[in-house]
Each structure stands twice: as structure tokens, then as C-alpha cells.
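Participant: Chains as they are written, first to last, in UniProt numbering: chain D, 1 to 339; chain Z, 1 to 339; chain E, 1 to 339.
Keep in mind the hints are simulated off the structure, nothing from the lab.
Certain hints may be false.
Because identical chains cannot be distinguished in the list, a pair is counted as satisfied if it fits within a single copy or across any two copies.
Pairs of lysine to aspartate or glutamate residues, derived as EDC-like cross-links and limited to a Cα-Cα distance of at most 20 Å, are as follows [claimed, not checked]:
#1 K284 / D311
#2 K79 / E10
#3 K79 / D69
#4 K48 / E280
If you want the building blocks of each chain, they are given just below.
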Amino acid sequence: MSQVSFDAAELAGRFALGLRGDGSARVRGVGTLARAQAGQLAFLANPKYRSQLADSHASVVVMREEDADGFSGTALIAKDPYVAFAKLAALFEPRPLRTPGIHPSSVIDDSAQVDASAYIGPHASIGARSRIEAGAVIGAGCVIGEDCVVGSASELVARVTLVARVRLGQRVVVHPGAVIGAAGFGLAMEAGHWLNVPQLGGVVIGNDCEIGANTCIDRGAIDDTVLEEDVRLDNQIQIGHNVHIGAHTAMAGCSAVAGSARIGRYCLIGGGAGVLGHLEVCDKVVVTAMSLVTSSIREPGEYSSGTPLMDNRSWRKNAARFKQLDALTRRVNAADKES
Amino acid sequence: MSQVSFDAAELAGRFALGLRGDGSARVRGVGTLARAQAGQLAFLANPKYRSQLADSHASVVVMREEDADGFSGTALIAKDPYVAFAKLAALFEPRPLRTPGIHPSSVIDDSAQVDASAYIGPHASIGARSRIEAGAVIGAGCVIGEDCVVGSASELVARVTLVARVRLGQRVVVHPGAVIGAAGFGLAMEAGHWLNVPQLGGVVIGNDCEIGANTCIDRGAIDDTVLEEDVRLDNQIQIGHNVHIGAHTAMAGCSAVAGSARIGRYCLIGGGAGVLGHLEVCDKVVVTAMSLVTSSIREPGEYSSGTPLMDNRSWRKNAARFKQLDALTRRVNAADKES
Amino acid sequence: MSQVSFDAAELAGRFALGLRGDGSARVRGVGTLARAQAGQLAFLANPKYRSQLADSHASVVVMREEDADGFSGTALIAKDPYVAFAKLAALFEPRPLRTPGIHPSSVIDDSAQVDASAYIGPHASIGARSRIEAGAVIGAGCVIGEDCVVGSASELVARVTLVARVRLGQRVVVHPGAVIGAAGFGLAMEAGHWLNVPQLGGVVIGNDCEIGANTCIDRGAIDDTVLEEDVRLDNQIQIGHNVHIGAHTAMAGCSAVAGSARIGRYCLIGGGAGVLGHLEVCDKVVVTAMSLVTSSIREPGEYSSGTPLMDNRSWRKNAARFKQLDALTRRVNAADKES
Chain D
1 MSQVSFDAAE LAGRFALGLR GDGSARVRGV GTLARAQAGQ LAFLANPKYR SQLADSHASV
61 VVMREEDADG FSGTALIAKD PYVAFAKLAA LFEPRPLRTP GIHPSSVIDD SAQVDASAYI
121 GPHASIGARS RIEAGAVIGA GCVIGEDCVV GSASELVARV TLVARVRLGQ RVVVHPGAVI
181 GAAGFGLAME AGHWLNVPQL GGVVIGNDCE IGANTCIDRG AIDDTVLEED VRLDNQIQIG
241 HNVHIGAHTA MAGCSAVAGS ARIGRYCLIG GGAGVLGHLE VCDKVVVTAM SLVTSSIREP
301 GEYSSGTPLM DNRSWRKNAA RFKQLDALTR RVNAADKES
Chain Z
1 MSQVSFDAAE LAGRFALGLR GDGSARVRGV GTLARAQAGQ LAFLANPKYR SQLADSHASV
61 VVMREEDADG FSGTALIAKD PYVAFAKLAA LFEPRPLRTP GIHPSSVIDD SAQVDASAYI
121 GPHASIGARS RIEAGAVIGA GCVIGEDCVV GSASELVARV TLVARVRLGQ RVVVHPGAVI
181 GAAGFGLAME AGHWLNVPQL GGVVIGNDCE IGANTCIDRG AIDDTVLEED VRLDNQIQIG
241 HNVHIGAHTA MAGCSAVAGS ARIGRYCLIG GGAGVLGHLE VCDKVVVTAM SLVTSSIREP
301 GEYSSGTPLM DNRSWRKNAA RFKQLDALTR RVNAADKES
Chain E
1 MSQVSFDAAE LAGRFALGLR GDGSARVRGV GTLARAQAGQ LAFLANPKYR SQLADSHASV
61 VVMREEDADG FSGTALIAKD PYVAFAKLAA LFEPRPLRTP GIHPSSVIDD SAQVDASAYI
121 GPHASIGARS RIEAGAVIGA GCVIGEDCVV GSASELVARV TLVARVRLGQ RVVVHPGAVI
181 GAAGFGLAME AGHWLNVPQL GGVVIGNDCE IGANTCIDRG AIDDTVLEED VRLDNQIQIG
241 HNVHIGAHTA MAGCSAVAGS ARIGRYCLIG GGAGVLGHLE VCDKVVVTAM SLVTSSIREP
301 GEYSSGTPLM DNRSWRKNAA RFKQLDALTR RVNAADKES
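Using the sequences and the hints given, assemble the complete structure.
Facilitator: Below is the structure:
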């Protein structure tokens, strides 16, 4: 890896940031405010960490204008230092070399189409009638089944499975172990045995979506499962068949949405939270971690369920009383009536 | 893909369904009642959707006899329209071509046996003493370790791992990313360090089971982990070592059963629900989503834990009071005694 | 598989155990106390199973001294019979043969280093500048990206992904489907769209750690995600970026730790439990199954959240009252003041 480096003035110019201090201060990597060394770029976004500024060894720090007053080092001034940092840090991100072409160990069906500018890694396989568009990256060990599309500049990092009828838009990133387009969990009981309901739909994933490691998105039963553009899914998530997720919604790790539920735009679903099947959640809803959505949500806002963490002894006492809560309430109601 | 099509009379005959309307009405695919187009077959099972019937463009609709009165279109009459639909829809399911044979990129141990009618896909590997029976499908990227059996007509869709001593019955379907037969989580503490307890058992999976994407089933410590016939596991499920699951039980996504627990027959375990280790759950138990089973269940019925979803402000107030619930109950008890 | 066998005196000598009964009693495998057959070794650790001792057909039983009084069979005496059993059972564990060398179907980058005593299985790939140390085992279908290290005697069982900048210590075991070093979930919102925050850190995993099947450990944003030595993670776990887990901590299946949280040493995290981001959990904390840690824990001990399991009818009544718990408490408080 050749090591890139930039000076502060260059960075200010490239990203239209303000500059305070020494424009020739040179950085060749990033660090946290507390642990950065000379030659590194750090950022201050959360006021909580302001006290770390004076002692930081970072050569350049991205911050808000108001934080720069009295700072003796070199600062890049941004309205949103976290956004600015995200862009700056990308300059230092090591990107594995992906020369366009098809690795000889991969197996491509005769009816599949692979753009000449795409990269197909070792031990990948691509099934009938699937199409890999310009600049797409199919990492090592990916399995793409039948009738799939990987849009231009999308990347399947490694060991991703697109089972069947999965259409990814442009610039979609899918992390290792994710499984998209497996048959949804559709069962009918007949004479004491389960009967599989065929899952004839597909999955449609909009531009700029990100799908985390080991996350699953099942294909639809009849219509498709849909993620609109810029949906961000963390790791270990389960999305059932025929779910519809609105644009710009982000879901944290281990959350799950059961079949046919509809989540709005700009929602934030906390880690381990669940949404039951066939519900509707409107735009701009926040569900806190490990909460369970059991009925549709029609008003934007923050929603929660669960009980607070306690030492186990206290918890046991209170939890036992939860079993009597209805009875307790009735007794208090009755006493009120009497008095 | 050649496109299949059938007329209503043909379908009625094949599946012993009643027919109302035009027996020559032709369908070449399926749709939902609300969105089906001409040439598609739809179904009406849930009375909730009855109002969609009049406006549906479906050419043929499967329904109960009582729903057909006054319906002007073509109907197939079934006692259980969902079961009938499942069978009808299977006619239209695109099935990838799996010509029997072993893909040249796969790696088969000399001591493994593969039936001549089985299909072994690209980049699959099969370990020592394992056996693949007639008509089985081993999809791309599957890893089968030592001493495994894949029963006849079973299918590992793609990228499935059978680690060691895993025996699948007939017609078992395993979805991508599932890991069956990994070493169970058995630890003993010795002098401040963890010591692994060897996991010498295997996994036995009965006929007609289905294992979801990225689901894990660990192998037993001494005896085997067992799923009886027709057990249906959704995605992202965790089954610990030496668990025993009775026939026809279905578990929804992200649920988990800890080591040595025993689940009965015909149980339904909701999404994200958990069962602690060494417990017994009898037949015909329903556990609702995200509930935790903390003691054995001896009576069939429906069981739940958790609290309802609220707006976060209300939730915070009520949740804080949960910490005082025992004290509150004691105060009310004391007041009752006084009065 | 050649079948190994040992007599009781030989086992007593090898593991410094006491011997009662017939030193020539021969075992060639293990069984549970209840189901062992002649020729098998069993153990009695939990007093709950003491009643099974008299009827056991095991040829040799490992037990505490006090349990051996009156036992007519052959006993191996250990202070901790479970620890002794773990060591004894390892003698009977079938280990797949892993002759050192690189399988011809694997793909190794020119700049990667593979020790001559390492094993690289079928369809594995190893990226630029990665290093596989002495005696390491890289199972079938593993994908190792750039700048990774697999320490000596470590094993990636099969289909493991190390994405980038992942350094495993010695004797680390990683089970199938695990994904280590994927980009953490770092997002900044700019003008209504999500912007990815580059994840430039790596993952450092100490000696003797174990990582379960389908578990994910994301790489750090700037600094590394760290597991100290002898951390034991079960299956389906999610570890966010920049998490730090202390030595000898064990986490059960489906648990999750959000970004930048810090877990102490010798903690036990129950199945499905969660720890929110940026929190600190001190040493020797036990979190029970499916509990959510919402603030830092500074005292060792056992912690819980949630409500007990009830039949659904009772649960509905009590859960509905939870929504009125704050109001109820206020009413009781007010009544107390009045009286």
C-alpha cells in the first residue's frame, strides 16, 4: 500500500472547509481525538469530548467554528464535523484492488451477462439469466442464483447469496454472509402436516442501500419484498417476505420485521427490536432497542417496550409482582370507590 | 423459461376443487387479489380481504363456497383456499435446472458416496465418509464435513455447512448460510481459564424438515441434537446442543432454544422468542414473539412475556415505576390490613 | 476411523485422578449417565443426577469422592468431574485429518504468507499481505481478505470470512459462517441521505478465543475492535465496531453488544441479551437471558430485565395495566398522603 498524505490547506480546498492555523500541516491517516498521533487527522463533533482537544496530538482537527476559539493547533472548520470527517477519512481508506475481470475459478452460467468493467472474484457462481452491471464487484465465494441483477457500482463484499429474482439497484453494498431472496416462511397446515406455500416473488433493493453481514431478506410470496433507496441495514437482521421498507430508514443489528409489514421512510429501528407481521409503521418513527411493535404506528415519534435493568434480586421481586398487577390495580380501584 | 398455463377446469380436475363460472378461463401465473392482472390466479382465504373480490382483475380466484355466492367471475371452490392455493401456485414456481451430476469445481473425498441421481453444484466440498442419497441437491458453495448423510430428495440450497455427524432425512430443505452440526457451546472453568468440553454427538433431522437461512443447529455434546419430522425453522434461529424438537413444530425467525431443552410436537414459537436450557415444553404450546420461557411448560396453550409498546415518554414513566412495583404492592397490602 | 480405547487405570494415571474399582475396566467412548452402554465413560457432576448412578451401564464414571461411597462400579475420582470429563472426552473426539498443505482449488494472493505447516482447504481464498501461521487450519470455503493474521494453531472451521485487518491470536477457533472485520455500521446524515463513515480500524482477537457459528464482529471505525484472551462467543452474536471485551468473558447465543461498549473480564452475558453502545460493564457481571443493559454497570453481580412468562390471557391483563403503572403509583401516593 502506498501511503497517501495531504496538507490542511489542500483538504480545506477540496471539501470547502474553513481553515485555522497552519495550512501546511500534513496528515497521512486518522485517529481519535484522544489517541491520535502527529500526522493524523481527528474530529470533534460531540461537545462531551471537547476537553480532549487541548491535549490531542492530532496534527489537524475538524470541528465547528465555535470550538475553534482558543484552539492553538490547526483546525478545519465544518458545520457538521462528523459529515466532514466521513468524507475526509474516505481519502485514507485502503481499498482492495479489484481489477475488472472474471476470476478463472468462478462459474458463470452461459445465459448470464457480466459487464466487462465488473469484477468477479474467486469461487463465485452466477446463475441463469442473471446480470452484473458496470463496475459491480462480486467478491469471493458469492453465489448468485437465477434471474438476479446487480446494479452498476454495487458491491457484494464476499460470500453473499442472492438466491433468485433479486434485483439490486446502483451502489448497493452487501456484506459477507447476507442471504437475499431465500424462500419466505410460508406454511399451510393440511391434515396435520405442513405444506410449503411457494414463494414466487422476488426482492427489489433500491439505490444506495447497505445490507449488513449475515442479514437475511426473504423473497416475496406473490409480490416482491421491497427496500426503497438508501435503506441501511446493520448485521444479523431478518426481513420477512413482502416487507416494504421506506427510503432512508436505518435498522440496527439483530432487529427483525415479520412478513408483509410496512415500515415508513426515515425510521430508526433499534438493535434487537421487532415488528410483527402485516403492521404499518409510518414515516419518522424511532423504535428503541429490543422493543416489540405489536400494532401499527400512525404517529411519528419514539416508541419503546420492556422494563429497566435491575440487580437480579430486586428484579425477581418486582417481576413476581407483575403477575399480580391487574389484581393490584383492581384492588386500588375498589378501595377508591369505597372511600 | 417456458411459460406454463392452465385453464380453470383443468385445475379443478387436478386438485379436486369445485368450479364456478368459465372453465376455459386461462391462467399463467399468480397474483394477490388486489393486484392480480388478467391471466393470473388469486385466492381469498381471510374474510378481511373479501371486499377486494369485486374489483379483482384475477381471471380465476380460489375461495370457500360461501364466498362464491354472487361472485361473477370464475371461482375454484376449496374447503381451505390457502392450502389449495399453495398447491396451485407450485405449478407456476420456476425451478432452477439441476441436471444430476457433480460439478467439476467441487471437491469430493474419496470415501464419500454420491448417488448418481444427485446434483452437486459448483465449489461444493464433501468430506470423508459422507453420503449423498438419490435425487439430493447440494447447491453452490456448500461444505459438508465428515460422517454426514443427506437423505434422498433433500436440498441444500447454497452455501450451507454440515460440519460433522449430521444426518438429514428425506425431502429436507436447508436454506443458504445455515450451519448444522457446529460444536455446541460447552465450557468448563479451570483455574480461571475456559476449557472446551468436546462435542462428540451429532445432529439428526427428520423427514420433511425445513431449516431457514443463517439458522444454526449445534451438534450434541454426547447424545445427538434431534429434530423430529416436519419441523419448520425460519431464518436466523439458534438451536443449542442436545435440544430435541417434536414433529410439526414451527419456529419463527430469530427465536432460540438453549442447550438440552425439549420442545413438544405442534408447537409454535414466535419470532425472537427464547427457551432457556434444560426446560421442557409440552405439545401444542404457542409462545408469542420475543417472549422468554424461563420454566418448563406442562399445559398446552398460549404463553407470553414482555410489556406493551408505548410512546417513549409514557414508557419511561411506567418503566421507572416497575422498579418500585414490589414496594407499591407491599404498601397497598399494608393499607388493606389497616383498613 | 480407528477406534481408540483406554482402561481406567491408564486414564487415572494420565489425568492424575483417583481410582476406585476395576482398573482394567475398558472404555472406547463416552455416554450420559442415563444412557451410557458398557464400554462407555460417563460423569456425575450435578447432584441432581445422582439417582441415575446405581442404574448406569457405564463402565467407568467420573465423580467426586463423596459420590463414590457405596458405588459398586469403577469410578475415577476428581475434584471437578466436569473438568475431568472434558479432558477425558477429548481422547475420543474424532478429528478430521488436516494434512499440512494448500488445496489446489484455493486461491492465495502472491503477497500472502502461508506457513508450511498450515492447512488451507478447498475453495479458500487469502488476500493481499495476509499471513497464516504455523499449524493453522483454514477450512473449506473460507475467505480471508487483506492484511489479516491467523495465529499459530488457530482454526477457521469452514466458510468463515475475515474481511480486512483482522488479527487472530493463537489457538483461536472460529466456527462456520462467522464474519469478522466487516465494516461497522457508521452513518452520518447529510441533506436527507445517509453517508457512510469509513471504517478504518481492524479487529484484534486474543489467544484462545472462540467465535461461534454465524457470529459477526465488526471492525473499528478508527481504533480496533478488541477481544482479549479466552473470550468465548456462542452462535449468532453481534459485536459492533470498537467494542472491547475483557478476558475470559463468555456470551451466549444471539446476544449483542453495540458499538464502542466495553465489557469487563469474567462476565457472563445470557442468550439474547443486549448491551447498548458506549456503555461500560465492569468485571464479573452476569446479565440474564434477553435482558437489555441500558446504562453502565459499575458493580459486579447479576442483572436482569423483562417480565415473567404467563399464560397469554393473564399476560394481556397485566400488560395492559403496565400502561397505567405510573398513574396507579401516583394514586396510591396521593391516598397515602390523605390518610
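Participant: Report the numbers of all earlier hints that the structure fails to satisfy, in ascending order.
Facilitator: none
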